Amino acid sequence: MNMDGNIAKEIELLLSRSGLSKGVVSIIDCWLDAGFRIKGRYGWAQLTLITCDSTGGALEEGLQGAVAMELYALAADILDDIQDQDNNSLPWRKVPPAQAVNFAACILVLSYQALSTLSNSRYFEEASKVLNQMGLQACDGQIQEFLNDSKEKITLEEYFEIIHKKSGGLTAGACKIGAILGGADQALVDQLEQFGMCLGIMSQIKNDLDDFLNPETKSDFIKGRKTLPFVYLLNVLNEIEAEELKYLSTLASKGLAKFGTNEKRQLRELVINEGAGHYCSVIHEMYKQRALEILNRIPISEKRKEKLIQLVG
Amino acid sequence: MNFDNIAELVHELAKNPNRSSVEIPKLKSNREMTNCELNAIAKVFSQEKLSGNSSAAIMKPTLYWV
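Chain order of the listed sequences is A and B.
For the first sequence, the positions run 1 to 313 when our numbering is used.
For the second sequence, the positions run 1001 to 1066 when our numbering is used.
What the hints contain is simulated information worked out from the structure, not anything from laboratory work.
Being a predicted model, the structure only gives us computed values, none of them experimental.
Glycine is no exception: its CB is placed at the ideal position from the N, C-alpha and C atoms.
Errors might be hidden in some of the hints.
[Unchecked claim] Stretch-level coverage of chain A by chain B, calculated; a stretch enters the list once three of its residues show a Cβ under 8 Å from a Cβ in chain B:
hint: 1; stretch: 268-275
hint: 2; stretch: 278-284
[Stated by the list, open to error] Each computed DSBU-like pair below joins lysine-lysine, with the alpha-carbon atoms no more than 35 Å apart:
hint: 3; chain 1: A; residue 1: K264; chain 2: B; residue 2: K1015
hint: 4; chain 1: B; residue 1: K1015; chain 2: A; residue 2: K307
hint: 5; chain 1: B; residue 1: K1043; chain 2: A; residue 2: K246
hint: 6; chain 1: A; residue 1: K9; chain 2: A; residue 2: K22
hint: 7; chain 1: A; residue 1: K303; chain 2: B; residue 2: K1043
hint: 8; chain 1: B; residue 1: K1015; chain 2: A; residue 2: K258
hint: 9; chain 1: B; residue 1: K1043; chain 2: A; residue 2: K264
hint: 10; chain 1: B; residue 1: K1015; chain 2: A; residue 2: K151
hint: 11; chain 1: A; residue 1: K218; chain 2: B; residue 2: K1043
hint: 12; chain 1: B; residue 1: K1015; chain 2: A; residue 2: K246
hint: 13; chain 1: A; residue 1: K22; chain 2: B; residue 2: K1043
hint: 14; chain 1: A; residue 1: K153; chain 2: A; residue 2: K254
hint: 15; chain 1: A; residue 1: K218; chain 2: B; residue 2: K1015
hint: 16; chain 1: A; residue 1: K153; chain 2: B; residue 2: K1043
hint: 17; chain 1: B; residue 1: K1015; chain 2: A; residue 2: K254
hint: 18; chain 1: B; residue 1: K1043; chain 2: A; residue 2: K151
hint: 19; chain 1: B; residue 1: K1043; chain 2: A; residue 2: K223
hint: 20; chain 1: B; residue 1: K1043; chain 2: A; residue 2: K305
hint: 21; chain 1: A; residue 1: K258; chain 2: B; residue 2: K1043
[What the hints assert, rightly or not] Restraint-style ranges between C-beta atoms, simulated for each label pair:
hint: 22; chain 1: A; residue 1: V95; chain 2: B; residue 2: C1036; range: 42 to 52 Å
hint: 23; chain 1: B; residue 1: N1035; chain 2: A; residue 2: K307; range: 27 to 37 Å
hint: 24; chain 1: B; residue 1: E1008; chain 2: A; residue 2: Q99; range: 45 to 55 Å
hint: 25; chain 1: B; residue 1: E1012; chain 2: A; residue 2: E152; range: 22 to 32 Å
hint: 26; chain 1: B; residue 1: N1005; chain 2: A; residue 2: R265; range: 26 to 36 Å
hint: 27; chain 1: A; residue 1: D4; chain 2: B; residue 2: P1017; range: 42 to 52 Å
hint: 28; chain 1: B; residue 1: N1018; chain 2: A; residue 2: E269; range: 12 to 22 Å
hint: 29; chain 1: B; residue 1: R1031; chain 2: A; residue 2: E152; range: 21 to 31 Å
hint: 30; chain 1: B; residue 1: C1036; chain 2: A; residue 2: G5; range: 36 to 46 Å
hint: 31; chain 1: A; residue 1: E152; chain 2: B; residue 2: N1018; range: 28 to 38 Å
hint: 32; chain 1: A; residue 1: E239; chain 2: B; residue 2: N1002; range: 18 to 28 Å
hint: 33; chain 1: A; residue 1: V95; chain 2: B; residue 2: R1031; range: 29 to 39 Å
hint: 34; chain 1: A; residue 1: G260; chain 2: B; residue 2: E1012; range: 40 to 50 Å
hint: 35; chain 1: B; residue 1: E1008; chain 2: A; residue 2: R17; range: 48 to 58 Å
The shape of chain A in the complex, shown without the other chains (with noise of 0.2 Å):
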């Protein structure tokens, strides 16, 4: 069996026993597809699962740690569509918030129930901790991040602050949670999370240029959300462009029917005039030299490096 296949298995399996009913098993068999249509099967517990076997761990030794982060991103994807109102045509978006909050909440305890299937106690303690602690940094960078919606104006260092929390926090603890699995020591432990660390900024710079383009299926120019392109013009425009950001990010925060083509394609110009774009490319880059970095000097096979430089791009 391949490693989907075997995941799937794994998710089947703790649903069948986890006592909860027929529909709601249905309901989030059906929202683990629907995510699936989306960013690809299993990519969390794929990265989980990659570190583990490149640290010389059996499959078997990583799969109920890939299976919590899978749950434990599928939460986290729901509660962050309700906070931002965003994806509508995803399942979660069509029954009421209350509804959508009550199933993250049954999938995070499903995450840490998977966790506790481990059977050698070492693993699952020090796992356990690491999800624990990868989700209250998630949580705060969260926090932080819709608290800064209102602000004017944030620092490039308090963006990447909360970024490292948010998103590099949790490819760092997938990498992380899947090294221990893998029984390395605490040195290779730490390089792997310093490199889901990378791939997780990587991964939420690429988002926030994308998002930051098309304002009519992402919210965040709308919200006021302070996304890297958005930032970076926020802090090195000179007086006349930056009225111009202002004036746009006025326009957009009354809605959409407000924001028209003229003003989108004002938005991309002053993206691409004022090396928006490019900054995102540059962070982009040095980030993925670190990663790339990190795996030179760790002490693995280069056979069994292979598939993490593929994660790098």
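Place chain B on chain A using the hints.
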């Protein structure tokens, strides 16, 4: 990573119509920047020069997590 210094230099380059002929390492004077930072900036601007498209994204992670 000095995010502010990088932003300042990137902005300067983006506003410079002759940026394709600017030798980026020469811009290091009076800036606290590492070679790694300058290399990343040089790479992004040279890719833009090659593609002829200033909005071309070079960011291609294999998987999509956040």
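- Checking against the hints above, which ones are violated? Hints 4, 13, 21, 33, 34 contradicted; others consistent.
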